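Trainee: Listed below are the residues making up each chain.
Protein chains: 6
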Amino acid sequence: MSILKAAIIGGGSIADQNHIPALKTLSDQVEVTAICSRDLSKAKALADKHDIPFAFNDAAKMYASGGRPDIVVNCTANNLHHPFTIQALENGCHVFCEKPPAMNGQQAREMAAMAAHKGKILSYNFQLRQTEEYALLKKCLSNGELGKVYHIKANFLRRRGIPGWGNFTNKSIQGGGALIDLGVHILDLALGILDYQIPDRIVANTYDFIGKAGGKGLMGDWDPEKFEVEDACFAHLSFSDNASISLSSSFALNTKMQKNVNLEVFGTRAGALLNPFTIYTEFAGELTNMEFPHLEETDIQLKNTAAFLDACTGKQSNICNAEQGAVLQEIVERIYQSAQQ
Amino acid sequence: MSILKAAIIGGGSIADQNHIPALKTLSDQVEVTAICSRDLSKAKALADKHDIPFAFNDAAKMYASGGRPDIVVNCTANNLHHPFTIQALENGCHVFCEKPPAMNGQQAREMAAMAAHKGKILSYNFQLRQTEEYALLKKCLSNGELGKVYHIKANFLRRRGIPGWGNFTNKSIQGGGALIDLGVHILDLALGILDYQIPDRIVANTYDFIGKAGGKGLMGDWDPEKFEVEDACFAHLSFSDNASISLSSSFALNTKMQKNVNLEVFGTRAGALLNPFTIYTEFAGELTNMEFPHLEETDIQLKNTAAFLDACTGKQSNICNAEQGAVLQEIVERIYQSAQQ
Amino acid sequence: MSILKAAIIGGGSIADQNHIPALKTLSDQVEVTAICSRDLSKAKALADKHDIPFAFNDAAKMYASGGRPDIVVNCTANNLHHPFTIQALENGCHVFCEKPPAMNGQQAREMAAMAAHKGKILSYNFQLRQTEEYALLKKCLSNGELGKVYHIKANFLRRRGIPGWGNFTNKSIQGGGALIDLGVHILDLALGILDYQIPDRIVANTYDFIGKAGGKGLMGDWDPEKFEVEDACFAHLSFSDNASISLSSSFALNTKMQKNVNLEVFGTRAGALLNPFTIYTEFAGELTNMEFPHLEETDIQLKNTAAFLDACTGKQSNICNAEQGAVLQEIVERIYQSAQQ
Amino acid sequence: MSILKAAIIGGGSIADQNHIPALKTLSDQVEVTAICSRDLSKAKALADKHDIPFAFNDAAKMYASGGRPDIVVNCTANNLHHPFTIQALENGCHVFCEKPPAMNGQQAREMAAMAAHKGKILSYNFQLRQTEEYALLKKCLSNGELGKVYHIKANFLRRRGIPGWGNFTNKSIQGGGALIDLGVHILDLALGILDYQIPDRIVANTYDFIGKAGGKGLMGDWDPEKFEVEDACFAHLSFSDNASISLSSSFALNTKMQKNVNLEVFGTRAGALLNPFTIYTEFAGELTNMEFPHLEETDIQLKNTAAFLDACTGKQSNICNAEQGAVLQEIVERIYQSAQQ
Amino acid sequence: MSILKAAIIGGGSIADQNHIPALKTLSDQVEVTAICSRDLSKAKALADKHDIPFAFNDAAKMYASGGRPDIVVNCTANNLHHPFTIQALENGCHVFCEKPPAMNGQQAREMAAMAAHKGKILSYNFQLRQTEEYALLKKCLSNGELGKVYHIKANFLRRRGIPGWGNFTNKSIQGGGALIDLGVHILDLALGILDYQIPDRIVANTYDFIGKAGGKGLMGDWDPEKFEVEDACFAHLSFSDNASISLSSSFALNTKMQKNVNLEVFGTRAGALLNPFTIYTEFAGELTNMEFPHLEETDIQLKNTAAFLDACTGKQSNICNAEQGAVLQEIVERIYQSAQQ
Amino acid sequence: MSILKAAIIGGGSIADQNHIPALKTLSDQVEVTAICSRDLSKAKALADKHDIPFAFNDAAKMYASGGRPDIVVNCTANNLHHPFTIQALENGCHVFCEKPPAMNGQQAREMAAMAAHKGKILSYNFQLRQTEEYALLKKCLSNGELGKVYHIKANFLRRRGIPGWGNFTNKSIQGGGALIDLGVHILDLALGILDYQIPDRIVANTYDFIGKAGGKGLMGDWDPEKFEVEDACFAHLSFSDNASISLSSSFALNTKMQKNVNLEVFGTRAGALLNPFTIYTEFAGELTNMEFPHLEETDIQLKNTAAFLDACTGKQSNICNAEQGAVLQEIVERIYQSAQQ
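Chains as they are written, first to last, in full-length UniProt numbering: chain X, 1 to 341; chain L, 1 to 341; chain H, 1 to 341; chain G, 1 to 341; chain V, 1 to 341; chain U, 1 to 341.
Chain X with its partners taken away, still in its complex shape (with noise of 0.2 Å):
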């Protein structure tokens, strides 16, 4: 098998400290060639960092220069998420995109029609898929243990975890809060259980109140003044097969734990809870709850970043796919809508 050459675009964190090194392990399925930001500097200290070869400012540069990547790992913030992937899917490439997918449903649907059009892979890095829990889930699912699933209780919940850093307080660039940023992880996990399917009723509420007054951070500091986003979304969504998600996800909230990032599965011959996996059901006429002590952490960034590959490859891959990315962002968008009425 050849090796494929992926270019970086966004010299942030994300792509420091995840795809980066995702990528360098795979090295012998992939090259990253070409790293680009709008800071040439940024650009240039993660090239030597990582020894990635060459180095630019502006992508269309990039796609000039010859040696086009097969990869593009779109790293950027969240309103650039729709043109670099455009981009670079016009110019032939595979996109592995940062979630969420955009800023809106719209961008989204565009987006995943680019790639049919193109016939190139455009996923989203939704890397809580690869748990070993979230794989013993869906295998219990479909080995039929869980009967059909009816309701989940999906939450992304933070304590006090507004980020002290980046722009996730400003709206214009991220889309919005703690359901754009966190949210869709668990809805994605949600949605993964229930096929995909689009639900036909919405309610939700969202609310700022700790945001825009401010307090004791867990993630650093942040500034009220300019928070513009949501610190806290509920939703309801139900389905026309009747299946229904509640939805929390919050940035900031008066509760226990620091950070809650679960699901709960109910299904008609057993429910299950992701973290830690445990299921309960009926066994031998008795009800019980089967704990699982010895499943393992996995690292989950290297898993999805193989998954893409794979599909890229044409092979059998669970990420999450262009398609699904436009529906989890077109939910997102309605949920925001109906926060508004």
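Because the hints were derived from the structure by calculation, they are not lab data. Please note: incorrect hints may appear among the correct ones.
Note that identical chains are pooled: a pair holds if it fits in a single copy or bridges any two copies.
Calculated pairs, PhoX-like style, for lysine-lysine (alpha carbon to alpha carbon, straight line, at most 20 Å) [unchecked claim]:
1. Lys-44 - Lys-5
2. Lys-44 - Lys-171
3. Lys-148 - Lys-256
4. Lys-138 - Lys-259
5. Lys-44 - Lys-118
6. Lys-139 - Lys-24
7. Lys-216 - Lys-148
8. Lys-44 - Lys-303
9. Lys-49 - Lys-139
10. Lys-256 - Lys-44
11. Lys-216 - Lys-138
12. Lys-138 - Lys-61
13. Lys-315 - Lys-216
14. Lys-44 - Lys-226
15. Lys-42 - Lys-256
Just so it is clear, the structure is predicted and the values come from calculations on it, not from any experiment.
Could you slot chains L, H, G, V and U onto chain X? The hints should help.
Mentor: Using the frame of chain X, we list chains L, H, G, V and U on its own:
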């Protein structure tokens, strides 16, 4: 203060084990003078057991017999709450009616209207209001310790708690299942935090998979063939001030705890968990969890009956009144309607 | 169904506190018509206390007095199990005999032969068979959930539980110590898992160090001078199908728990722990521990007595029968023989 | 003191990770001068990594090359323990041989005889003797705190620990499975408590159900087709002074803990648990559990290697000597023979 | 042995619930023949309830009435301990007096002198001496297991335990607060370890902040306006042999536990904690914590009353005698004096 | 801001591992220019290791060499704190001196007087002031959350923590044992709560039983023959405003925990525990325990060094100053004097 005369309508266990003992304990304020049950032998047996002077098998006869009671305690099945309450009010009695208020919103509104018309107290026996924990929650709220409450998670969940006795699975008698029997308790508590506002948006789903499939029971065995109601109900309520409630109730659900009755309350200054009562807030610039290890258990039926008597004698009382009952019943009806969509 | 007549032989606490109350509770099936004890005053006192019509100090007189019982419950000391059981069977009665079956294998075989000859039920009161946990274990076994069971660790251990009363340390009355008094219970459970096979190899050791040295007692004080039996017994049983049992029992042992009664069952598909009931197996390709938090405690004496009555009236019953008793007693004898080598 | 010269035979991970680092740490007493492996490149790689002057692919060449080592560390596969140890002793070297001593009792006896003949130290690397807990157990024993020890339960159990690498499932190389690889460690500890007596009676059973069926592995994946050894072994050993050992070992067993290595020791004055070290006894007339929360972990390989060097230089040492190794190996052989019956 | 006659003085709950039931249980040694209370109806009611032949409202009348009791149990308020005890001794009775001995050292010395003069037993009801834990502590001490004890931390702390009934906050009746009511118990235990020596140096502080401020009560509500005593007392006692006690007692203190009654005893060979009883020492050269999980709870009032009867009949007894009472009371007085400085 | 020049006096591990690394981390404010040790080779080795330009074996030479340091860090033994601090102040340097301040009160007062005379900062390295927990305690105090603090229990206890190295048991070098080495830390914290008042009454006892008897060490082995200091000290301090401190410190004590460093602070409005930081108070009329689960660990040496630099540059600082050091040292001296009585 003169002693009030109370009559009991309905000869089931709720009369025998809850209401009559509470009234007997409050013998300085009230005496039970009559008991009425369709089954006269049942009425007589209870009269004997509890030293009640008169037993009837027809409420009309009771009212006609002279010695009109001041108070009627309506312990009948859900579908009889409306007729016997209306009749008692028409006969000039205060009424202490079991929950839920009625079969639907229209009935509850008629009951409230009749109580207003007659100038009598009508209240519903939502005795969970009387725990030390809820009293403390309300005190914290009125002291401003929680700030404005904007979201509540309210749960009344049983793992396998479909009662194997009574009419709990009969829709025409009960009006519904987990929501109308269990969920109403915790909905009452949640509405009590939000000033008993009327929600402007509701989306809900109900299920009956486990009830209809049958299985292990932890409250006796039920007959899946006769299971006509929902075994689980999940709803999201949104209010005009943007507050919201996520309400979950179940008779049967594949979950861990045998019984889980709780509120999580999220306010701008603090959050609170009802059981065990805990506050999550900032103190001296740091995040704190406040525990209250010395709260005592109380006899909540006794306290609720005493609160009803206070209302009858014109005192301040925290009981669920006729208007609140009508609001709650209408919400229940709207939840069921949403779940039909 | 006609009511069976039962006579009790033996006036000790096992009659007073276990058998008579259980029989009384089952008054729709059985009535206790006579009690017989060497000490007539003891017999009369129990007859008074439990409303039993007749009291005797000689079983022969009882059988001669007319009104032959249908059932005899043999609550005598171990060395009298054989004569009173044989006598009762000869008199045409079903016999419910306390454990252990007898003093040695020969006696137990004679008892079984007489029961067969007379066509009567003879069973032994191994009531630990009736726990919810053992019932569930047997159900898992028959469902095939455990696969083939090949090894069992069976323990009935007390740290300092040499009874300070009765004849527990008297060899000529009891026939032995920890094994014949305690170990038989758990041996019965283990044999029940292995189809009550007869082992082909046994090696065992018995000890009496602590019993003869004396020390702190947790079940009263015993007299080390009169300690004639084993305080601990460890044995390995190997069966012709290569299954094996490791059996440990003690009255006194320098170990942690005051009392430890348990089975660990190792099968090809799953293992099981009896208390708290847990299954260790694979599920969906991962290792799981299955807990059963909602099992309830039951009145095991009542269930065992009811099972005996079922047997007497020709119904399916899970009680220890005469043949099983003979197998078990023979194994006990072989264990003692091995320990003498 | 002059520095001893050591040669390593066998280039596997036990040499690389255990023996060579321990010898290097003890550089004031010993230097590693040569390494020998059938695969010369392996020998050279290890020599490079650990700064060892000479590498050989043939032990005979090594001995012939001049610079005879004082010490040979035999890190070969089980079936080579005998030939390479005999050869080393013949060449006048002390030998530190990996466990188990040999493939059978005959080999181990020959090795002990040769060591005696040559006046050289031969010892086996049972490093679990060197834990703080075992040292304390032995001290309590020699102080008389336990009285006479009469029964020991010795366990080395893994739930799913069939190694997915090496020759652990190959009978002709390993000589057996769970017993010869794991059980020997804990048998050595138990025998050390009982003065390394020879048992007069043994009954044992071995199994291979899980190993041959396949399933989830927690130490890599194994090939059930090539599984030739026992996955579990249960044995009862009885000694002429009536002491006994119940020995359990497994590569795979449907049990709770991933790994359970422990001794329970029952003495006339006290009992002891090895991990966490606890004594159960009487004190001031009451029963006490004595815990030792401040014991420290030690580098048991380092201590065992040091103990071997002590033996080589004529000092007191607690290492497993040649005679003990022969006794142990003979017991292992008799256990396997018993299991064949 | 003839039966002793006992009279009770004082008709409060300590007589009703502690002393009379204990005396009744010991009916083979003692009978209660009279009860005396200022309030005759109270005396008569208790006489009826407990089947006591005579009731008086004046102790003098009782003594004059013939049938002089052998024993007087003084259950009066603290300020009446002295007069009623002196009177009883003058009337030739043994006296079992409630704690504290008296209002000050002078009274207690007079009481001891009168008892000595009359040759009668006077003892004080410090029943905490009778726990299994304290008995074991004393046994370890006398066995030499602790070596010489040189420091004791003695605590009797309540978080919010100002009694809402009785005279506990009235200084002229009680003589003080937390120290004289609660601290005396644990001081008695500590002095019992140090041979009831007299300290040569004392420094102490008392406080009444919470008592005078009011607040939440866990033993009923108290009136801060009438709070005249200390709510907390901290003292350091140093003895001529250099031993020392750190004594803390409180009715109210902002601390974690609702009630904390304990001793920590530091000796040269071992330390001990009273509850749960634990010894900290060296064993076999290592540090051990010795726990005693099988100690049983005992009826300490019954044991203390029996110990008093033993003393009255000339038997060995571990009860607090008149001289010890005088030492203890003098220490209490000196603590209060130190706190005034 | 110009960079301060610092010189280190004393070449022990406290210099090597605490002070020099902290100063290096603060390289934007300070540079280490010289190190001085009686043993020149030690000085040079540290200079090499930490890149310090100059090494001396005589402080006088250092001052004479030109390039006078702005700051001297006095890391010498206790008995040299006074002379080297006085010398440094005379040479116009700020001094950061290790704890305890000196050998006695007179020395500490002279040091404070010299610092005042020279207008230089002298402070002592009580770095426990810098924990998040103590900062929060002080904040609660200044916010009035605790009300007036009236009693403090201050403990620095080790079970067997007599250091097996250094001069810790040498009285002429150290000036004492557990109190002067460990107790001073927690005394400093307690005095910091009480505005560093001077107590008017002190009673204390010191012991050396375990130190002189020898035994198991958890911080190396010590020589009981050379044990000249106290192994435990218990003191009660009473202040003119009636506040009090109960202070306990030990190198060796027969107690449970290996190390127990804590404050319990009792105030009129609330109490506090330092580790884990908890507040005990009333809230909304109920008793609450406030926990702070999200406090972070900090580098307390770094913070204390930074605080010293702040003081040197005229900024607000919470470091222990010369006057506080003198008060503390005088209290230590009075405790030792009291223990001699």
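Trainee: Give a verdict on every hint.
Mentor: For each hint, the structure was consulted:
1. Lys-44 - Lys-5: within (18 Å within a copy, 37 Å between copies)
2. Lys-44 - Lys-171: Neither: 29 Å inside a chain and 58 Å across chains, both beyond 20 Å.
3. Lys-148 - Lys-256: Answer is between; shortest inter-copy Cα gap is 18 Å, intra-copy 32 Å.
4. Lys-138 - Lys-259: neither (23 Å within a copy, 27 Å between copies)
5. Lys-44 - Lys-118: For Lys-44 and Lys-118, neither the intra-copy (31 Å) nor the inter-copy (54 Å) Cα distance is at most 20 Å.
6. Lys-139 - Lys-24: neither (30 Å within a copy, 49 Å between copies)
7. Lys-216 - Lys-148: between (43 Å within a copy, 19 Å between copies)
8. Lys-44 - Lys-303: Result: close neither inside a copy nor across copies, 27 Å intra and 36 Å inter.
9. Lys-49 - Lys-139: neither (40 Å within a copy, 44 Å between copies)
10. Lys-256 - Lys-44: The answer is neither: 43 Å in one copy and 53 Å across copies each exceed 20 Å.
11. Lys-216 - Lys-138: between (38 Å within a copy, 18 Å between copies)
12. Lys-138 - Lys-61: For Lys-138 and Lys-61, the Cα distance exceeds 20 Å both inside one copy (43 Å) and across copies (59 Å).
13. Lys-315 - Lys-216: neither (47 Å within a copy, 25 Å between copies)
14. Lys-44 - Lys-226: neither (31 Å within a copy, 54 Å between copies)
15. Lys-42 - Lys-256: This pair counts as neither: shortest intra-copy Cα distance 39 Å, inter-copy 50 Å.
Violated hints for the displayed structure, listed by number in ascending order: 2, 4, 5, 6, 8, 9, 10, 12, 13, 14 and 15.
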